[in-house]
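Read off the chains here:
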Amino acid sequence: MASVDFKTYVDQACRAAEEFVNVYYTTMDNRRRLLSRLYMGTATLVWNGNAVSGQESLSEFFEMLPSSEFQINVVDCQPVHDEATPSQTTVLVVICGTVKFEGNKQRDFNQNFILTAQASPSNTVWKIASDCFRFQDWAS
Amino acid sequence: MWSSPDKDPEDRPSMIVLKNTNSETQKHRYDLPYKRSETHCHSEYKMSHRRGFQGRKRGANYIWHKFDRRNNHFNYPGTPYAVGLKRRKERYSYEDRYFLTVWNDRKTEECEDLYAERRATERWYKVTIPSGRKYEKTWLINSIQKLCTVPFVPVDFHYDKNRARFFVQDAKIASALKDVNLKICDETSRKISLFVSPSVVPYSVQNKFSSEQMEHLKISIMKRYDASQKALDLEKFRFDQDLMDKDIDMMLNRRSCMVATLQIIESNIPELLSLNLKNNKLYQLDGLSDMTEKAPQVKILNLSRNKLKSIFELEKVKELKLEELWLEGNPFCNCYLDDSEYISAVRDLFPKLLRLDGRELIVPTGMDIEAPQLCKKTHNETELIKNLVLRFLKEYYLFYDNGDRLRLLDAYHDQACFSLSVPFNVSDPDLDNLEEYLKYNRDIKKQQDSNMRVQLLKHTKHDIVTSLSLLPKTQHDLCSFWVDLCFHSEMMLCFSVNGLFKEVEGKCQGCIRAFTRIFIAIPCSDSRICIMNDELIVRNASPKEIQKAFTSSPAPDTSLKPLLSAEQQEMVKSFSVQSGMKLDWSQKCLEDNEWDYTKAGEAFTALQNEGKIPKEFFK
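Here the protein sequences come in this chain order: A and B.
Start counting the first sequence at 1; every next residue gets the next number (UniProt numbering).
Start counting the second sequence at 1; every next residue gets the next number (UniProt numbering).
Please note: incorrect hints may appear among the correct ones.
Simulated crosslink set (PhoX-like; lysine-lysine; CA at most 20 Å straight-line) [stated by the list, open to error]:
no., chain 1, residue 1, chain 2, residue 2
1, B, K544, A, K105
2, B, K582, A, K7
3, A, K7, B, K461
4, A, K7, B, K544
5, B, K582, A, K100
6, B, K582, A, K105
Simulated coverage check for chain B against chain A, where a stretch passes if three residues somewhere in it have a Cβ under 8 Å from a Cβ of chain A [stated by the list, open to error]:
no., region
7, 297-303
8, 412-423
9, 445-454
10, 484-492
11, 569-582
Please keep in mind that the hints were generated in silico from the structure rather than gathered at the bench.
Cβ coordinates follow ideal geometry from the N, Cα and C atoms, glycine included.
Model the full assembly from the supplied sequences, consistent with the hints where possible.
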């Protein structure tokens, strides 16, 4: 029973991650203005060590970023146990890829998200509770 | 007694008989028995006294006396001279034997009792804890003393390979200690074995110094003590002239000599701050482990030019809060490939060390903890979380790198998950040398089979630790770490670590890797955290990263820079992206232009067009 339950959670997390990654990076590249709507009101973005939180701040931050072209190389995800997030279905998503911001050279990056499921009348919607982005070569 | 009236008639008939035969001869004979009898009575008196002392009844004495007396007179008259002599001799022998026997019996019994008692209290016992090295001495002794019904003083506590050992005197203590076997549980709920066995006298007790020698030792030590600095110089102490003149052998590598020295320090200068033990041929530090009790204030310790063969000897003194340590010139120092490895190993044992072998140590500032600072309360909370995370990482990678990853079991929750990813970089020519990691690569973009997805995700702490143990052996460069605090709530903490490590075994030995680790943890007991999710990303380090690996030079310490508002942070980030300059130079440009983004941009463009911006400013 535990094994079956665990497998179910894993499948759910993988489907959520696949769908989320498509939506997020498409929105980032093509519909930047809508990106902040993917975040919870209390979400925090840590961008190369700089913290941004709150809807307005996130909107302003994303507006200031130059236009982008993201390529995703690796996606991994894990279900997060109830004990860490009581009564809130949660998934950890980890992405590796490359990004080219306008006027800059292409760079490798890692990004991880914590997603939580939000119930809505017609569908389950995944929202970003936390976002942590770092260029792989940031420190060098 | 002889004056008793009822006895006189018996005496007179004897005298008459003697006169009838040969008066002179008979008189002589009579005198002799008389004296003997007197002696006999005297002896009897003594015996009687003893019996009385023993609580015997007086009546018994009286009967004995009468019997003896009557017997004597009955035998005498009809006995020939020779026979008479024999009888007298026999009587004397009997008396003598009886007396001696009684005396001997008492003496023997008394001595035996005393001896047995002495043996019981003076016997020594060795107490062994088979896996005792894992535990701190203080914790271990306190745990035992709590459960032991008889108070005891451990003598010569020391570690011998994996065992911890000490000696106690007295059979009662030994018996009480036997009852402590398997009664103590450590943090992992493992029961601790404890064995007690008879032992010879411990070395430090055997070779105890006389009080006179101790007095001389004290004088010599106090001569070497600098009260203004609270510093004691015992370099080459075996060549101390005063002690040599007194024929006192003071070899500090002998347990008894170190014990005596520490006793004098404890009694006379417990405030000692600095102890120089340079050049004393110390090959182990068991004797020094008592320092945490006898000289707890010591901050500076010089152990240079001794004979320590393993850095693990230092575990015996790691409870000291050392700020400065000298170790150069010991055999174990040659075991390290480079300085940073040596410094890292020493630092693991003495995290607060400021100077090693005279060199200032750089406080690791590679840890970059950024978190929302919405209010003062949040700031304080962030400090607590930061310290929690740093402590966790140091402990985690100590176990991860030092050979026994199974000990990481306690770091994980029962239902934890772990998976590994290897990013595909077109520019990475040596992807093949990551094969030890690629076999575990979980990339759900490429892996569509749901069973494989589940299989590659390790679940439960046992599976995780088993999996980690199969990965290549590593040495992490903690100074290369960048730590992001991604998320925290009452129930959960998410942080990610970026840094470098090298492989220390196998065909890729020496390869430098870059890694990202994302942990989700929940609070455990005693302000510790327990891992729920663990994601590891491994790739080959870039040439720049390889160049900087294990140099122990600090990464930019962003926490020392003035705190920027959220808006300012965003501006720096955006400016850096747009200009291509490094973050610190972007910040400087914005600061120089009073945080006017447009103005800063114009200034940058102008300078760039004139070619006045050095290459170093760019990423």
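Residues of the region 412-423 of chain B with Cβ under 8 Å from chain A, three needed, outcome: holds (count 8)
Three or more residues of the region 484-492 of chain B near chain A by CB distance under 8 Å? holds (count 6)
Is K544(B) close enough to K105(A), meaning Cα to Cα at most 20 Å? It holds: about 17 Å lies between the C-alpha atoms, which stays within 20 Å.
Could you grab the alpha-carbon distance between K582(B) and K7(A) and see if it respects the 20 Å cut-off? violated (45 Å)
Quick check: do three or more residues in the region 297-303 of chain B have a beta carbon closer than 8 Å to a beta carbon of chain A? violated (count 0)
Between the region 445-454 of chain B and chain A, see if three or more residues pass the 8 Å beta-carbon test, and mark the coverage as holds or violated. holds (count 4)
Distance restraint between K7(A) and K544(B), which requires alpha-carbon spacing of 20 Å or less: Given pair K7(A), K544(B) is violated - Cα atoms ~41 Å apart, limit 20 Å.
Given pair status - K461(B), K7(A), alpha carbons within 20 Å: holds (17 Å)
Pair hint K582(B) and K105(A), alpha-carbon separation not exceeding 20 Å: holds (14 Å)
Run the distance test for K582(B) versus K100(A): straight-line Cα separation, threshold 20 Å. Status holds; Cα separation ~16 Å.
Would you check chain A against the region 569-582 of chain B, counting CB to CB pairs closer than 8 Å, and say if three or more residues qualify? holds (count 9)
The structure shown violates the earlier hints numbered 2, 4, 7.
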